[in-house]
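Trainee: Using the sequences and the hints, build the whole thing.
Going down the list, the sequences are from chains A and B.
With my numbering as the guide, the letters of the first sequence map in order to residues 851 to 1021.
With my numbering as the guide, the letters of the second sequence map in order to residues 194 to 410.
Don't read these hints as lab results, they were simulated from the structure.
No experiment lies behind these values; they were computed from the predicted model shown.
A portion of the hints provided could be inaccurate.
Unchecked claim - The following label-pair restraints were derived from C-beta to C-beta distances:
1) A/1014 - B/349: 23 to 33 Å
2) A/957 - B/374: 33 to 43 Å
3) A/955 - B/262: 45 to 55 Å
4) A/957 - B/349: 42 to 52 Å
Each residue gets a CB set at the ideal place from its N, CA and C atoms; glycine is no exception.
Residue strings, one per chain:
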Amino acid sequence: MHGQPRPYWNPLVAGLILGLALLATFLVTGHGLGASGLSARLTAALGSWILPEATAANAYLGGYVKAGAPLAGWITWEVLGVVLGGLIGSLTSRRFRPKVEGGPRLTPARRLTYAFVGGALVGFGARLARGCTSGLGLSGSATLAVAGFVFLIAFFAAGFLTMRLARGAWT
Amino acid sequence: MSFPFYDSGFWPALALGVLFGLALEGAGFASARKLTAQFTLRDFSVFKVMFTAVIVAATGLWLAEELGLMAPRSVFIPTLYAWAIAVGGALIGAGFAIGGYCPGTSAVGLASGRWDALVFIVGMIAGAAVFAWGFDAISPLYWAAPGPKGQTLDQLLGLPVPAILVAMIAVAAGGFWLGSRLERRFGGPIGSSDVTCGSEGAQPPETGTRPGSMRPS
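Mentor: Set out below in structure tokens:
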């Protein structure tokens, strides 16, 4: 049904290309790459659709609503590009697979529950930290910002610690 | 010559995003199993790709300044809010180990057909909504312990930028060497056919088939 998927790139080659893309982003826009900023904009957009008054009055989301069209911004176009790039890459390499991917011992329903819980922790954490692995870990560290390295240390430490409890979900 | 252009237009944003997406997908970061294998020590791709990219971009930014193509500190440098970034970073690390992605990789996971990535994204929106709802209570943590505006490692340590870059290359080289040894020990790294076989359900093939494959205790 599917052809044999092409192998992944060597991690150093992938890192080199990602680094050049990040450098180009800095030179063109004056800032780095991001991703989680869109989740705040999506929340503001959905909020002003479902609960317009509460969202406009919210101390955190109000600013996005006041500026009008919360989704119209650089991060939205960029993440649209990320999805497009991921689609081109996975289709041309025969790595595209519609599936629920998880450890062999998890049912798909449980895998999706963990995906939601993990996503919620990440969504909350990214708003608190003012960025995610892309915006702080990658882009912040590339500017040698202390904030970027503090983020990376906390991210990797918590990841290893949590995996001691969560490894049954993946192995 | 004056970089950066401060161009926030649609087409450059889309093109740079496509490059970002191609690199993430090519690295294998559309796969939650490959991503999370970083934290079981079976696959060091997350560390290798991130560290390489940071060093390449940091060196390029430094060169652009040295060659006079760009004024010093003319790109955005985030400011440390120690508690918010430490706690937020830890929540992202924990959520990554449980949910399988971070925000950027969930976008390429979705683009590669992974339903779990879509649910992860819905979870992220829910998490951001909870943050916004509780923002008044969270605000003291959000603003606590601010560092100097846009402080960089070379400023903090009083060292020249090239010294920081050389130190980062040394740490990366040590990490790559150690990582590759651990990958071999634990039967990694995870390849594209390991995660694409089986088209439905969370049912990848049995992974303990490679020589030397074993689980850490």
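Trainee: How does the Cβ-Cβ distance of residue 957 of chain A and residue 349 of chain B compare with 42 to 52 Å: does it lie in that range?
Mentor: The hint (42 to 52 Å, Cβ to Cβ) holds, given that residue 957 of chain A and residue 349 of chain B are roughly 48 Å apart.
Trainee: 33 to 43 Å was suggested as the range; check whether the CB atoms of residue 957 of chain A and residue 374 of chain B agree with it.
Mentor: Holds, at about 35 Å.
Trainee: Take the C-beta atom of residue 955 of chain A and the C-beta atom of residue 262 of chain B, compute their distance, and say whether it sits inside 45 to 55 Å.
Mentor: 53 Å, holds
Trainee: Note whether the CB distance of residue 1014 of chain A and residue 349 of chain B lies within 23 to 33 Å or breaks it.
Mentor: 31 Å, holds
In summary, the structure agrees with every hint in the numbered list given earlier.
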